[in-house]
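Participant: Chains as they are written, first to last, in my numbering: chain X, 53 to 213; chain A, 53 to 213; chain Z, 41 to 463; chain U, 41 to 463.
Treat the hints with caution; some may be incorrect.
[What the hints assert, rightly or not] Listed below are the simulated BS3-like cross-link pairs for lysine-lysine, each with C-alpha atoms no more than 27 Å apart in a straight line:
(1) A:K185 <-> Z:K316
(2) Z:K321 <-> X:K179
(3) Z:K316 <-> X:K185
(4) A:K179 <-> Z:K124
(5) Z:K321 <-> Z:K124
(6) Z:K461 <-> X:K185
(7) A:K185 <-> U:K461
(8) A:K146 <-> A:K179
(9) A:K179 <-> U:K316
(10) U:K190 <-> A:K185
(11) U:K190 <-> Z:K316
(12) U:K321 <-> X:K185
(13) Z:K316 <-> Z:K190
(14) Z:K190 <-> U:K316
(15) A:K185 <-> U:K124
(16) X:K185 <-> Z:K124
(17) X:K185 <-> X:K146
(18) X:K179 <-> U:K461
(19) U:K124 <-> A:K146
(20) X:K139 <-> X:K185
(21) X:K146 <-> Z:K321
(22) Z:K321 <-> U:K124
(23) U:K316 <-> U:K190
(24) X:K179 <-> Z:K461
Since the hints were made in silico from the structure, they are not lab data.
All values derive from a computational prediction rather than experimental measurement.
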Amino acid sequence: MSTDLDSLYQEIILDHYRSPHHAGLREPFEAQVHHVNPTCGDEITLRVHLSTDAAGDDIVSDVSYDAQGCSISQAAASVMTDLVIGKPVAEAMKAHEAFLELMQGRGSVEPDEEVLEDGVAFAGVAKFPARIKCALLGWMAWKDATVQATVVEHVETEETA
Amino acid sequence: MSTDLDSLYQEIILDHYRSPHHAGLREPFEAQVHHVNPTCGDEITLRVHLSTDAAGDDIVSDVSYDAQGCSISQAAASVMTDLVIGKPVAEAMKAHEAFLELMQGRGSVEPDEEVLEDGVAFAGVAKFPARIKCALLGWMAWKDATVQATVVEHVETEETA
Amino acid sequence: MTVTQLPGLLDGLAILRADFPILNRRLAGDWPLVYLDSANTSQKPQIVIDTMVDHLERRNANVARAMHQLGAESSEAFEAARDKVARFINAPSRDEVIFTKNASEALNLVANTLAWAEGPLAIGPGDRVVITEMEHHSNIVPWQLLTERKGADLRWFGLTDDGHLDLSNIDELITPATKVVALTWVSNMLGTINPVAEIARRAHEVGAIVVVDASQAAPQLPVDVVASGVDFLAFTGHKVTGPTGIGVLWGRTELLDQLPPFLGGGEMIETVTMAKSTFAKAPHKFEAGTPPIIEAIGLGAAVDYLSEIGLDRIHAHEQAITGYLLEGLATVGGVTVLGPRNPVERGGAVAFELAGVHPHDVAQLLDSRGVAVRAGHHCAKPAHLRYGVQSSTRASSYLYTTPAEIDALIEGLAFTKTYFKVG
Amino acid sequence: MTVTQLPGLLDGLAILRADFPILNRRLAGDWPLVYLDSANTSQKPQIVIDTMVDHLERRNANVARAMHQLGAESSEAFEAARDKVARFINAPSRDEVIFTKNASEALNLVANTLAWAEGPLAIGPGDRVVITEMEHHSNIVPWQLLTERKGADLRWFGLTDDGHLDLSNIDELITPATKVVALTWVSNMLGTINPVAEIARRAHEVGAIVVVDASQAAPQLPVDVVASGVDFLAFTGHKVTGPTGIGVLWGRTELLDQLPPFLGGGEMIETVTMAKSTFAKAPHKFEAGTPPIIEAIGLGAAVDYLSEIGLDRIHAHEQAITGYLLEGLATVGGVTVLGPRNPVERGGAVAFELAGVHPHDVAQLLDSRGVAVRAGHHCAKPAHLRYGVQSSTRASSYLYTTPAEIDALIEGLAFTKTYFKVG
Ligand SMILES: Cc1ncc(COP(=O)(O)O)c(C=O)c1O
Ligand SMILES: Cc1ncc(COP(=O)(O)O)c(C=O)c1O
């Protein structure tokens, strides 16, 4: 049994769980969302701060959050921030898609370490259907907030244009 | 099979069905009710006329009705009028109870011909659960109308007293 | 006189019948069961029964909320059933498939949430709901309750003498005041197949919502919610070879999102505090409490069973049997069929009168020979009234019905006439 | 360390366990199933499964409306189930027993019909509905929707630190403005058994209606609707060893007669015309459409099964197991039990926290050893909030639970602590 358990609770996951990266709520931010896993009650409040680089592309400048939840949901949020902060939104969205694909692959998807880095540790989660929602909670919140922030930004751009 | 069928469709029943007694709606009456078998749509409109005999007891002077329905429900209404018209209400109610008991006895109740007369022909119906409601439609309407008529009468008696 | 081949009849009918254990049942007097009451409820193939038993004996657990292995297996089977149903009706999204307890609840769900809706979907005085005179009570009473409670008007399409919707006054019925048009795809009494897509098109021109009762269509026609162009579609598990206790409401996401919740409770919430709750998205928003888990799983097996045979082939079979039945009835003197005479215009439920014998008595005589039909108003009192009859006898076939069973019915009717000395 | 005898334990537990086929299930890693999630849904004895299968394979037909032999057999079995349920809760009349799809629908039925009620039962501004902070969402959300929609006030009993209802302000809560008091008999999270009869007495003094959620009581206590003095009582089939898709609402005839119908459709009518319908009497008035026939029949077999064992004995068994469980949890460092510590004050569901490990992770570790428990808010978010916890782990026993299974849980918790390096 422990093999299966160990494939779920990879050391990397437990490390992120014990000392989550980028935790806490910070300023500035363009969008804040609150997501809940209705089944178990896990919650996350998450803020996104975007900026524009020289080429005019949106960059994820900061993602800050306050999360209550299990090891998987907390670690996934932590890994997610590592993956998206500092990246162009378009590239971060690709990581999001790759992670989603990994989770929905029922254990048959081979994760790409280039794209997912520490996120590859979650490959084992895909074999535990009940935990997939845990791993996705932070990612879904991030995507929602980023979409909102992008809209805000573009409205502002239009207004000032 | 025909034996079972014949126990349901006794000749007496078919006779009453073909030429129902006391059919039609007549005056005078103290109460009129409309009863429906919601399952199949059989309907009866029934009137009761009561009078008081020398001893001060309520007598069923007339029961008139307009019924749409199957052989069993039509014949049962016809037999019922034969049984109750001219009788003291109390005695007619006894016949009602005896008929009810026969119907609910699942074929195990031996009917009393003294009380039920042609009604004994319905003994076979008790073995066909789906038809019991048919046989009871007219009887239930009569009871309802009689209770209403009795109340009306007593209110009137009180008012004139 | 027995015919064993008719064009359109399902191949291997005898083998297919072996899927249905009840068809071996012998009744009083050792008559074999001739089940011609499938429009009332269908019989169940072994695969549906076995799927439910296997779940109960090996995997039973609550869904969604249970995270253990049994819970995961149960949730997976339950949600797979939703996928199967979505495929069965070609739903654009599985999240548009809501499990209810039967078709009646599905139709009430729409009417009740409209009663509490605010904004563009709200219904009030001056607004109109249009139904038809051939509806099942389950597609009449919810709209009567809605319009009465909200002070709106209820109108309806009448029927032609030959059992079709009378569409001659469609422009008077479907006007900008019309908020909802609710109609049956196939009548359970007349058998009529209605031009649902055409009516939906007209209703959409005035911005009305189209609610279709597919209780009789789903068992016997290919149902495609996209092609039909409707907004809501309801059907019931027990008529598509599935169990009782389960029905389906399909609705377009945009509309489901605008409707308030139906019943409140577990599973339909996002978060709850004592003062205030927020709600999950469809389908969960409309599925309060523990869902009919075993029943959904049984329904999934049922729609897969039907799809494997093919709804086109089932439809052809029903039309072949119905044609044969109509021909047979024509040979019995004194029979008047209600609804279209042409099998192509109708489904496999044929209601008729037999002169001089009340439908109860017809059904009783047939039953004494093992032939099960329905007698009464079939929950369609207004349609009976329209044709001046109080009740009728209805024979309804399904994919397991054989021409020999129709012969048994026709012989039974001859026997009935002799017994009651008519004709 | 395994105990096989505890005072109160059911005699012949090993034989009784053989009634439940799923208890032979082996899970991943060949661990035997240790099912401690019975408050979520109970497992089913063979007799319940077989009764449903027998009906499906031999007697399946629609009820009430079908007059043929199968229809008569089906109607008889269905209505016999109503009799069984009436006996199970000591209902004065079988016509007071309404079949719903689950407990949630039963509770919503009361709230929704009150929303449309006229006359003395009508609820409006200034009126008050009182619930409690330990309710399941299914007994919170319907009352939130009702009071919001009708402009009435929602109030609630708070909870004491030791998991009981705080009745200290009962006179402020139950006043002449109080129209409904709705509460659970046994909490599904805290396990607390509430003084239902006493609260009903107080509520009746001000003329309020008392609605009791017996979802957790019916499986494990003798439930007597007369002795408890309540007006409405709801429970759900799948928690009393019956199938999903069926629930029960019992209500006093005088009140059922005053309420308007719930859903509209087949079976609940007296007569229907296009313009207007009239309705049948209870229970049919509240049972629109084809009822959950197979499910009611399964439920009938289930309540007979429980009654044969005896609810007193089941209650004693639950208390013995719960006592043993509480003792076991006390030996695991870092465990905090939510709700009463005394097994006599509670039912067989024990929610707890394990310091340093999230309930999901506890449940996952237990699951890896075949021990099935529930983790989350158990549809009781407000009660969790009251005790400052976001979620908890819940172990819930039933009549088939053995002391050895409790041992497996306790060992699993020790393993969990080791795995997560806590304590
Ligand atoms: C106390 C309580 N009330 C209500 C319910 C709801 O039951 P159901 O989900 O079957 O409607 C439950 C179980 O989930 C419960 O434990
Ligand atoms: C056309 C039609 N609509 C609705 C229904 C209602 O289905 P249910 O009784 O399963 O809710 C039926 C069957 O009874 C039907 O034939």
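Participant: Would you mind marking each hint as holding or not holding in the structure?
Facilitator: Verification of the supplied hints:
1. A:K185 <-> Z:K316: 49 Å, violated
2. Z:K321 <-> X:K179: Within the cut-off at roughly 25 Å; holds.
3. Z:K316 <-> X:K185: 25 Å, holds
4. A:K179 <-> Z:K124: Outside the cut-off at roughly 44 Å; violated.
5. Z:K321 <-> Z:K124: Holds, at about 20 Å.
6. Z:K461 <-> X:K185: Given pair Z:K461, X:K185 is violated - Cα atoms ~71 Å apart, limit 27 Å.
7. A:K185 <-> U:K461: 71 Å, violated
8. A:K146 <-> A:K179: 22 Å, holds
9. A:K179 <-> U:K316: Given pair A:K179, U:K316 is violated - Cα atoms ~36 Å apart, limit 27 Å.
10. U:K190 <-> A:K185: 41 Å, violated
11. U:K190 <-> Z:K316: Between U:K190 and Z:K316 the Cα gap is close to 15 Å, so the pair holds against 27 Å.
12. U:K321 <-> X:K185: 46 Å, violated
13. Z:K316 <-> Z:K190: It holds: about 26 Å lies between the C-alpha atoms, which stays within 27 Å.
14. Z:K190 <-> U:K316: Holds: Z:K190 and U:K316 sit about 15 Å apart, inside 27 Å.
15. A:K185 <-> U:K124: 22 Å, holds
16. X:K185 <-> Z:K124: 22 Å, holds
17. X:K185 <-> X:K146: Between X:K185 and X:K146 the Cα gap is close to 19 Å, so the pair holds against 27 Å.
18. X:K179 <-> U:K461: 24 Å, holds
19. U:K124 <-> A:K146: 31 Å, violated
20. X:K139 <-> X:K185: 24 Å, holds
21. X:K146 <-> Z:K321: 26 Å, holds
22. Z:K321 <-> U:K124: Answer violated: Z:K321 to U:K124 is near 38 Å, above 27 Å.
23. U:K316 <-> U:K190: With Cα atoms ~26 Å apart, U:K316 and U:K190 stay inside 27 Å; holds.
24. X:K179 <-> Z:K461: 72 Å, violated
Violation of the numbered hints given earlier is confined to hints 1, 4, 6, 7, 9, 10, 12, 19, 22, 24; the remaining hints are satisfied by the structure.
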